[in-house]
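Asker: Listed below, chain by chain, are the residues.
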Amino acid sequence: MTAETLTPPATTIGPIGWLRANLFSGPVSAFVTVLVGAALVWLAIQVGGWATADARWSVVTDNLRVFLIGRYPGDLAWRIWLSLAIPSVLAGLSAGAFGRTTRTLAVTLSAVQALIAILIAFSPIGILGVVAYAANAAAVWVSYAVGRRARIPRRVLAGAWLVSLPITFVLIAGFRGTPLTPVGTNEWGGLLLTVLLAAVGIVLSFPLGVLLALGRRSRLPAVRILSTGYIELIRGVPLVTILFMADLILPLFLPGGWQLDRVARAMGGISLFSAAYVAENVRGGLQSIPSGQVEAAQALGLSGVQTNISIVLPQALRAVIPANVGLFISLLKDTTLVTIIGLLELLNVGRAVLGQPESLGARMEVYLFIAAVFFVLCYAMSQASYRLERQLGVGTR
Amino acid sequence: MAVASRGGRARAVPLWRDVRVLRVAAQLVVVLAVLLLIAFAASNFATAMEERGLGFGFSFLGRQAGFEIDDSLIPFSATSSYGSAFLVGLLNTLFVSVVGIILATILGIGVGVARLSPNWLVSRVAAGYVELIRNTPLLLQLIVIFFVVFLQLPPVQESVALGSVAFLNQRGLYVPGATPTDGFAIWLGFCVAAIATVVITRMVASRRDDAGRPVRRLRTMGLVAALGLPVIGWFAAGASPLAFELPVLGRFNFSGGVELSTGFAALLTGLVIYTAAFIGEVVRGGIQAVSRGQLEAARALGLSEGQVLSLVIFPQALRIIVPPLTSQYLNLTKNSSLAIAVGYSDLFKIGQTMSNQTGQPVPVIILVMGTYLVISLATSLLMNFYNRRVQVIER
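Residue numbers (my numbering), protein chains in the order written: chain A, 1 to 397; chain B, 1 to 395.
What the hints contain is simulated information worked out from the structure, not anything from laboratory work.
In this text, all values refer to a predicted model and were calculated from it rather than measured experimentally.
Ideal placement from N, C-alpha and C gives every residue a C-beta, glycine not left out.
You may find that some hints are simply not true.
If you anchor each label on the Cβ, the simulated ranges turn out as follows [claimed, not checked]:
(1) A:L208 with B:R388: 42 to 52 Å
(2) A:R148 with B:V24: 52 to 62 Å
(3) B:V24 with A:P314: 49 to 59 Å
(4) A:G229 with B:I74: 31 to 41 Å
(5) A:F24 with B:E305: 47 to 57 Å
(6) A:N186 with B:C191: 55 to 65 Å
(7) A:P9 with B:L309: 25 to 35 Å
(8) B:A243 with A:F24: 50 to 60 Å
(9) B:L311 with A:I118: 53 to 63 Å
Between the sequences and the hints, there should be enough to build the whole structure, so can you do that?
Answerer: Structure follows, in structure tokens:
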């Protein structure tokens, strides 16, 4: 009997096992790994070399004020820094009260403000801006700690969020005859305008969308036909045509004396557009409620309105939160389209900056900066929506 | 409510609590409110138009446009009418959408499959692509592609040759073109015959299949005919039915072939890259939704990996993929209206030019929005029809 020597079996555990299973499982896989890996390394060297040696990031930092707030008067910028404290504190408190998903958003908000504080340190905006953003970033954490202890009722927090937007608006826009000098919307711009357009769009389109969804499922034919017609009409046309209508055609339909602000018109256009998409999401949620729920409510003697408000909507709206977050991400990205009607939001501000002779040849720097801002905001929202989806168990029926 | 509608007892319910009356009243109120709003807007509009000394109507469509369009699929000059300018825009929108949909689907399937690749690096790269593209605005991507990529290409004299048949430079992409010659009609006839053969053999085969008779030979014959007929037709037509033209560099520009402008190329690239990221996610979701047992059963039956994918996984994934894919196609078509940012003359851009020149924004926007609506509805119908075909027929 000769002892046969067997080679030891290939490892399937540890880093080598992992490499073998995931990167070099066969000749084709190994070849692809090497090819893709080489391409990535080459790309990293190219981009890294450019970003550290050739890129003129000073174009971004020198114009940081314009990127952040557009042509908003510099001596009044403190009002914007101050208004940022409202969402910072509220986000912290909500994160303390709700935990999990809201915490992701609060952490992002804090991180973004800390990043901006660092950027401002390299820009001519001044020390006040750095302090303001750093304070806001810290405020998130402080109020998070407070929120965890205090256990603020959810209803109060929701109310506070609702009230916060008008307060922010008053702070930014000012009021005639008060110490807050009015600042016209034509001077709003940059990230400020982008965020405001998105925030107003989200806040207004949601209730409108819910109403449209209910209208589409109404038993009254006239209501149903009008809602369905509106939803299908809006969903069938591009946003730019709606913005074109809001910009050029709406004034023709209003009496001669009425002056509606350009930014307000764009906000209205975005909200009306988004509402149709919210409505379709909510309709999906409404359809997912078993009819037994409605029948039970009727058997208990609830009226139609009561059934909707206390039985159907709470369940339906919870089911469609992730889908709506997805929608609001695209709404945030779509605010860039107001560039086409000439409003100076972040992207258009970037183009204006590139129009200055001193930023000649710095296209890539400016566009990368804008892309990074959008990426951070949208990615945070999408991560929050994934978590929410898992938390609510929507995907796993 | 059932009580109220029982004839005899109806009188017992006061009018203001009668559900039937309330319903009619509610609807009347809604309709009246909408009509009032429309009337209010219309009267304001009439006043506004009167003040500007403009009427309202579509008669301007017959008038001379007086502007040039760079990208046109049909002959167009400044002396053509506004109507034909509109048609140029419509054709351009349709062209970029159709080509974009085809390319985005191919790239999207690739991305979706790559995301599920057992190779860690490949799936991470695909995931990175999807996240990067989905979380930045399309308009920004288009502007970057246009200004940073396409406008940085070399000038005409130093064009990049792609296999010496296609050329890429600052002004656009020049590819070979084909023009039909005299024999084209004959060849076309053979092609139609080939398609007819396929349709007929498929119908006959499916009937025979239902009856339990063998169909394999019939199917092979159909396939041979479908491939063979156009080849025979090509030679039967005598001279080549299509005259191919290569782009040739002249003194200042290329002549011959087809010119695709930089704006078109940038728009198409942007739309394809953007939509493919979304389609990739749709495809991934569809494939993942096919239950694991199907995969294991197919492997247990001894099917090859390719067969598993094409015979078992894809047909089932398709059912889940088609509805969200439809909305991606619609999004691509609607997003093509961003052409204005890269200077491609699509429906919206031409609409805007027309509106500026005629001072008639309302009829123009009605036309533009109406056209987009029709395109959207037509796409939905087509995809719903396809969807019904791929769905399982349940009892």
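Asker: Look at each hint and say if it fits the structure.
Answerer: Hint by hint, here is what the structure shows:
Roughly 33 Å separates the CB atoms of L208 (chain A) and R388 (chain B), a value that falls outside the hinted 42 to 52 Å. The beta-carbon spacing between R148 (chain A) and V24 (chain B), approximately 55 Å, falls within the hinted interval of 52 to 62 Å. About 30 Å separates the C-beta atoms of V24 (chain B) and P314 (chain A), a value inconsistent with the hinted range of 49 to 59 Å. The hinted range of 31 to 41 Å is satisfied by G229 (chain A) and I74 (chain B), whose Cβ atoms lie roughly 34 Å apart.
Range check, F24 (chain A) to E305 (chain B): about 18 Å between beta-carbon atoms, so the 47 to 57 Å window is missed. The given range of 55 to 65 Å is respected by N186 (chain A) and C191 (chain B), whose C-beta atoms sit roughly 60 Å from each other. Taking the beta carbon of each, P9 (chain A) and L309 (chain B) are about 30 Å apart, inside 25 to 35 Å as hinted. Checked against the given bound of 50 to 60 Å, the beta carbons of A243 (chain B) and F24 (chain A), roughly 51 Å apart, stay inside it.
A hinted range of 53 to 63 Å for the beta carbons of L311 (chain B) and I118 (chain A) is consistent with their spacing of about 56 Å.
Checked against the numbered hints given earlier, the structure breaks hints 1, 3, 5 and satisfies all the rest.
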